[in-house]
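Visitor: Following the hints, put chain B in place on chain A, whose structure we already have.
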Amino acid sequence: MADRTAHAAPAEHTSTGLPSTKLAMWLFLASECLLFGALITTYVLYRGASTTGPYPNEIFDIRYTSVSSFVLLASSLTMVLALTAADQRDFARMRLWLIATAMLGLTFVGGQVYEFTSFYHEGLTLKSNLFGTTFYVLTGFHGVHVTVGILMLLSLVGMSWAGRLPDDQAFPVEMVGLYWHFVDIVWIVIFTLVYLIPSPAPQ
Amino acid sequence: MSLDPHGSARATTSTAHAEYHPSTREYLRVGLILFALTCLEVYLSYSSLGGWKLITLLLSCTVIKFLMVVGYFMHLKFDNGRFSRLFALGAVGAFTLYVVVLLIFGVWGH
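The listed protein sequences correspond, in order, to chains A and B.
No gaps in the numbering here: position 45 of the first sequence is 44 in numbering that gives the first Met the number 0, and each next residue is one more.
No gaps in the numbering here: position 2 of the second sequence is 1 in numbering that gives the first Met the number 0, and each next residue is one more.
Same shape as in the complex, but just chain A (with noise of 0.2 Å):
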C-alpha cells in the first residue's frame, strides 16, 4: 500500500513555484550526463583502437565487478530507505540507513581501487594503451563522484546527529540522494557499455 507524504522544502517563495535547491541540484545533475556522456563517449570511441594490449577481454572479470553492481544497486534501495524513515520522522532509522548506505558506497569503491591495482599489476596503466587511458578516467571520475556522495552522507549523519539539520530533515536528504541515484544511473550505463558488450578486436 502506497503511502502519501509531503516532506515539503523549507518554505520559500520563488519565481519557479519551485524549491530553488531542488531546482539547482536537478540543473547540476543534467550537466554531469554531458560530463558522463562525453567520458563514455571517448571510452566506446578508443576502446578498439589500442594498438599494444592489454585488451578489455583480457583482464575485465565480469563476476567480481557484477557484485559490485549489486552493491551500489544495494545502496540505491538502503538510501530511499533512509529517505522514507526522514519522512516518517523516525530520525534514528534515517541516519542507520545512511550509515548502510555510506558503507555499501564504501565497499564498492574499495572493490574499485582493488581492481584499479589488479589491473596495475596486469599492465594496465593510465599511459599503456588508448584502453588504458579511456578506462581510468572514465571509472576513475565515477568512483571520485562515489567518494563524494559517501562524504556528503556522512555529513548528512553528523549533522542530524548534532542536530545541525532543520526539522524537516527529509529535504537534505532528498537532496544527497538525488546526487547518490544519479551516480548509480552512470554505473547502470558504465557496468554495459564498458564491461558488458563485447569490446571489438585488437586493430
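Hints are computed from structural coordinates only; laboratory data are not their basis.
Given the structure is predicted, the values throughout are model-derived calculations rather than measurements.
Please note: incorrect hints may appear among the correct ones.
[Unchecked claim] Some, not all, of what chain B presents toward chain A, calculated at C-beta under 7 Å: (1) Gly30; (2) Leu57; (3) Phe65; (4) Met73; (5) Phe82; (6) Leu88; (7) Ala93.
[Unchecked claim] From the derived model, a few chain A residues whose C-beta atoms are all more than 12 Å from chain B: (8) Gly16; (9) Ala29; (10) Ile58; (11) Arg94; (12) Leu105; (13) Val108; (14) Tyr119; (15) Met151; (16) Trp160; (17) Gly162.
Yeah, the Cβ is synthetic: ideal placement off N, Cα and C, and Gly gets one too.
Guide: Below, chain B alone, put in the same frame as chain A:
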C-alpha cells in the same frame, strides 16, 4: 500560485513539491526488479548470443534500469514535470550529441 504587488508570479514551493512517494514495499519491489535485470544482463554476457542481438538486449535492460531508478528512486515519475524536462534536456541532449559524434567518427562502420 499568487501574484505579488509587482505582478510577478510567485508560489510557495511546498505546493509544487512531490506529494507522493512510493511505499517501502514498492521500493523493495523496484529493487528486486533491478536486481533481476542485472542478473539477466550478466547471464546474457556469458550466453552464446553475440553481435547486435546481444547489444540490443543489454542496452534494453540498461534503459529499463535507468528509467526505474530515475522514475521511482529519484521520484521523477511523481514529481513536478519541470524537473523531468530539465533532466531530460541534459540526458537526451547528451545522448543525441554523443551518438552523432560516434556516427561522425564511424564507430559502427567497422
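Visitor: Against each hint, give a clear statement of whether it holds in the structure.
Guide: Checked hints:
Contact between glycine 30/B and chain A, as hinted, is supported at the beta carbon level, the nearest pair being about 4 Å apart and thus within 7 Å. The beta carbon of leucine 57/B comes within 5 Å of a beta carbon in chain A, closer than 7 Å, and the hint placing it at the interface holds. Given hint, phenylalanine 65/B at the interface with chain A, holds; its Cβ is 5 Å from that chain's nearest Cβ, closer than 7 Å. Because the smallest distance between the Cβ of methionine 73/B and any Cβ of chain A comes to about 5 Å, under 7 Å, the interface hint for this residue holds.
The interface hint given for phenylalanine 82/B holds, since its Cβ lies 5 Å from the closest Cβ of chain A, which is under the 7 Å cut-off. Hint on leucine 88/B holds. Least Cβ distance to chain A is approximately 6 Å, under the 7 Å limit. Below 7 Å, beta-carbon pairs count as interface contacts, and alanine 93/B has one with chain A at about 3 Å; its hint therefore holds. The Cβ of glycine 16/A sits about 3 Å from the closest Cβ of chain B, inside the 12 Å cut-off, so the non-interface label is violated.
Taking the minimum C-beta to C-beta distance to chain B, about 3 Å, the non-interface status of alanine 29/A is violated against the 12 Å cut. Separation of isoleucine 58/A from chain B is adequate, the least Cβ-Cβ distance of about 15 Å exceeding the 12 Å criterion. Once the 12 Å rule is applied to beta carbons, arginine 94/A is consistent with being away from chain B; the minimum gap is 17 Å. The claim that leucine 105/A lies off the interface holds: its Cβ sits roughly 20 Å from the closest Cβ of chain B, which is beyond the 12 Å cut-off.
Separation of valine 108/A from chain B is adequate, the least Cβ-Cβ distance of about 19 Å exceeding the 12 Å criterion. Non-interface status of tyrosine 119/A relative to chain B is upheld: no Cβ of that chain comes within 12 Å, the nearest being about 24 Å off. Consistency note on methionine 151/A: stated as away from chain B, and its beta-carbon is indeed over 12 Å from all of that chain's, at 16 Å minimum. No beta-carbon of chain B is positioned within 12 Å of the beta-carbon of tryptophan 160/A; the least distance is around 24 Å.
Distance to chain B confirms glycine 162/A as a non-interface residue, since its nearest Cβ pair spans about 23 Å, more than 12 Å.
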